[in-house]
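J.: Sequences listed follow chains A and B, in order. Take the first sequence: its letters are residues 1 to 85, numbered as in this note's numbering. Take the second sequence: its letters are residues 1001 to 1573, numbered as in this note's numbering.
Derived by calculation from the structure, the hints in this document are not laboratory data. Incorrect hints may have been included.
Which bits of chain A does chain B cover? Going by a derived footprint, with three or more residues having C-beta under 8 Å, they are [said to hold, decoys possible]:
#	segment
1	4 to 16
2	69 to 82
With a Cα cut of at most 27 Å, we get these calculated DSSO-like pairs of lysine-lysine [stated by the list, open to error]:
#	chain 1	residue 1	chain 2	residue 2
3	B	Lys1414	A	Lys9
4	B	Lys1450	A	Lys68
5	A	Lys9	B	Lys1417
6	A	Lys68	B	Lys1519
7	B	Lys1417	A	Lys82
8	B	Lys1417	A	Lys7
9	A	Lys82	B	Lys1519
10	B	Lys1417	B	Lys1519
11	B	Lys1414	A	Lys8
12	A	Lys9	B	Lys1519
13	A	Lys9	B	Lys1451
14	B	Lys1563	B	Lys1414
15	B	Lys1451	A	Lys7
16	B	Lys1451	A	Lys68
17	B	Lys1450	A	Lys8
Rough simulated footprint, nothing fancy, chain A against chain B, three-plus residues with beta-carbon under 8 Å [unchecked claim]:
#	segment
18	1133 to 1142
19	1385 to 1393
Idealized CB from N, CA, C, for every residue including glycine.
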Amino acid sequence: MEPTEVKKKIYQFLEDNYSYQASEITDTTDLLDGYVIDSLGIIQIVMFLETSFGCEFNANDVNADNFKNINTLSEFVEGQLKNGK
Amino acid sequence: MRIQLRGAPATPEQQEKNNANNNYWVVSGVLTVLLVYAYLFSNAPVYFDIPSPQDVLGKFDIQIKNLFKNVRDLGCSLHIQHTSLFGAKDERLVLFAVILLAFLSGYFLPIKYKKAAFVLWFLLGFGFLYGLATTLIFLAAHLTIYLSLHYQNKNIFAVRETLSLVIFGVLYLSLDLQMGMLLLVSIGVAGLSLLILQFVLDPIVRKKNKWVGLFQTLIIQTPILFAALGAISEGLTQYEWTVPVGIIFLFWQWERLIIYYVDFRGNGIPDDISVIEYLSIFMSPATISNNRYAPYVGQGYSYLAGCFYSLDKNRIIINGVKLISIALFYFLFNQWFLKGVRLFIHSQFGITVYEYSYQVVRQYVAGESISTATVLITTFLDQVRVFLIYGAVTHFRVGTWRLLGYNMDPQYNKPWKATNLVSLWSRFAFHYREFLVRAFYYPVFFRFFKKRPYLRTFTATMIATAIGNLLWGHIPDHLYYRGVTWDYLILLLRGWPYYILLGLGISLTQLYLMKRKRKRRPWTWDRYFARDILFSFLTFQFFSLIHIFSRTTVDSTLADHAKLFLIGLGIHL
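One chain only, chain A, in its complex shape (with noise of 0.2 Å):
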């Protein structure tokens, strides 16, 4: 899958459930550091990362390293299709 398919996923599942904020949210924006997602934000992402593409979240890949900004969740899952997970 090429990268750009998962980024515009992310991008898709941002825009139908955090439609007030997406117009102002980019690769970079730092999605944890103003509340731009919260907690059950964040339990929606690993449901729809894990149901649309496959890969399964543990308690120890929700870290900020991963969920930083787009760009680093983008990385991670498409590390985890790599591997085959």
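Given the coordinates of chain A, work out where chain B should sit on it, guided by the hints.
T.: The following block gives chain B in isolation, referenced to the frame of chain A:
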């Protein structure tokens, strides 16, 4: 969940940069706010021979009913608990002095000495307030936990010797023996404890098998086990377990210990964490006051590491001053405001409003007729009372952490803006929610029902908000405070419907929010603004009303509470 997701700790270079600018206006601001606290809530006016707040208001013939508890004391909920060496006003004076000294040390010392200074000021202040024996016992308890978890550190030997010395000191201060015998006993026990550490504790924790994990979990869960087993034992033998105050203080920190352990198990703590770094999490001047309320504020290692000097220190401290100033407002006016509202409702509408919800229960059990308005308004205002005290106390504590350079989230963040139960919990008790999420929600969510998103979310939420909240949150809290007895445990367990209703309310809200597309930010000034007000009111009223189940009394039955709940909904059976 933000605890885990908060940004990584600032690098040493960033911390140095954030520590670089000294601003004497900021220092003056901190001094001013602490002096105001000392003037209003301590014996400072007496010691400095200046007119008290009461005297000043009296001169202008101003009387604010309920603001002053008595002639010399303001109605302040800022307490130092479990000590009676001094009066409340002198205890507060010591607290303010310790905070000030810790702030000044933290502000001007280089980064690497700051946390050691905080621990030192804590120990001095705590020792002054509770006495040396209690302080040493508290220290010994934490050193034992440090040794149990971080036995691989290269400096462990020094910590072990320190613990033996501390145990020696505890015995020396505690035992009423002749000097010669005392020394012999103390040296003997200290030596024995060293041997136990060397030949029992060390071998256990150094073995890398499941028993090590079990041993560490047992150590961390000691406070809960003490509460549960102590209450059962009291029921069987009528003998109530008691422990020294130093141990009670460790027990009060059970939630923080659990979060620390979650960090530890998730490899979130450096292997070479120093004993000072460890102690700074549990022994900060910000942890001295009001352990009855929100002892988990500050959370564990990863959260505190993530917010220490993560911004310019002046920005963090100014935010701390703001929070402490808001707390001052709450401390001063909460009782006065609530009593005024109750009197107004009674005089204008003739509705009986009680101060506490349990009074409604008692009156109902005694055969009084209770109206729907009385149930709704009393539970509502009782919850406002709790929120105002909670807001005051936790703002003060978070504000104090901020004065020490920790860019901490408020525990209490405008809960009246919550338009649903999920939001209310985040806004009312942010750090507590993080505790429940990390200790209960995550383990369930990432382990069970992975292919069924709604069931997965519902189960994790119920486990956290109903089970975790009751068994690991409220019960130990109340038992440490009131005494570890069977009857009291049963009294608390009888409030189970509250936890189930709360869990259901939050779970269903969460499922609803999962389905709904969020197109609008709440409290945007548009045609839906009135709906936000209505939802905010309904959320708070529901949260308040379900508390009628948790206000159990000796004589009340589940049926009484259920009937009162229904009366609150307008159904009179």
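J.: For each hint, tell me whether it holds in the structure or not.
T.: Hint by hint, here is what the structure shows:
Proximity of the segment 4 to 16 of chain A to chain B, defined as three or more residues with a beta carbon under 8 Å from a beta carbon of that chain, is not established by the 1 residues found. With a threshold of 8 Å between beta carbons, the proposed coverage of the segment 69 to 82 of chain A by chain B is violated, since 0 of its residues qualify and at least three are required. At roughly 34 Å between alpha-carbon atoms, Lys1414 (chain B) and Lys9 (chain A) are farther apart than 27 Å, so this suggested pair is violated. Taking the CA atoms of Lys1450 (chain B) and Lys68 (chain A), the gap is about 24 Å. The hint holds against a cut of 27 Å.
Taken as a hint, the Lys9 (chain A) and Lys1417 (chain B) pair is broken in the structure, with Cα atoms around 32 Å apart against an allowance of 27 Å. For a cut-off of 27 Å, the pair hint linking Lys68 (chain A) to Lys1519 (chain B) stands: about 23 Å separates their Cα positions. A distance of roughly 44 Å separates the Cα atoms of Lys1417 (chain B) and Lys82 (chain A); the hinted pair therefore is violated under the 27 Å criterion. Restraint check for Lys1417 (chain B) and Lys7 (chain A): not satisfied, since their Cα atoms lie roughly 33 Å apart, outside the 27 Å limit.
Our distance criterion of 27 Å between C-alpha atoms is broken by Lys82 (chain A) and Lys1519 (chain B), whose separation comes to about 34 Å. In summary, the hint linking Lys1417 (chain B) to Lys1519 (chain B) is supported, as the alpha carbons are separated by about 18 Å, within the 27 Å threshold. For the proposed pair Lys1414 (chain B) and Lys8 (chain A), the alpha carbon gap of about 35 Å is over 27 Å, so the pair is violated. Distance check on the hinted pair: Lys9 (chain A) and Lys1519 (chain B) sit about 18 Å apart at the alpha-carbon level, within 27 Å; holds.
Note on Lys9 (chain A) and Lys1451 (chain B): the hinted pairing holds, with a Cα-Cα distance of about 20 Å set against a maximum of 27 Å. Taking the CA atoms of Lys1563 (chain B) and Lys1414 (chain B), the gap is about 32 Å. The hint is violated against a cut of 27 Å. Between Lys1451 (chain B) and Lys7 (chain A) the alpha-carbon distance is near 23 Å, which keeps this suggested pair within the 27 Å criterion. A threshold of 27 Å between alpha carbons decides the hint, and for Lys1451 (chain B) with Lys68 (chain A) the separation of about 26 Å falls inside it, so the pair holds.
Taking the CA atoms of Lys1450 (chain B) and Lys8 (chain A), the gap is about 24 Å. The hint holds against a cut of 27 Å. Only residues whose C-beta sits within less than 8 Å of a C-beta in chain A count toward coverage, and the segment 1133 to 1142 of chain B has 0 of them, not enough to reach three; the restraint is violated. A stretch counts as covered by a chain when three or more of its residues have a beta carbon under 8 Å from one of that chain; for the segment 1385 to 1393 of chain B and chain A the count is 0, and the coverage is violated.
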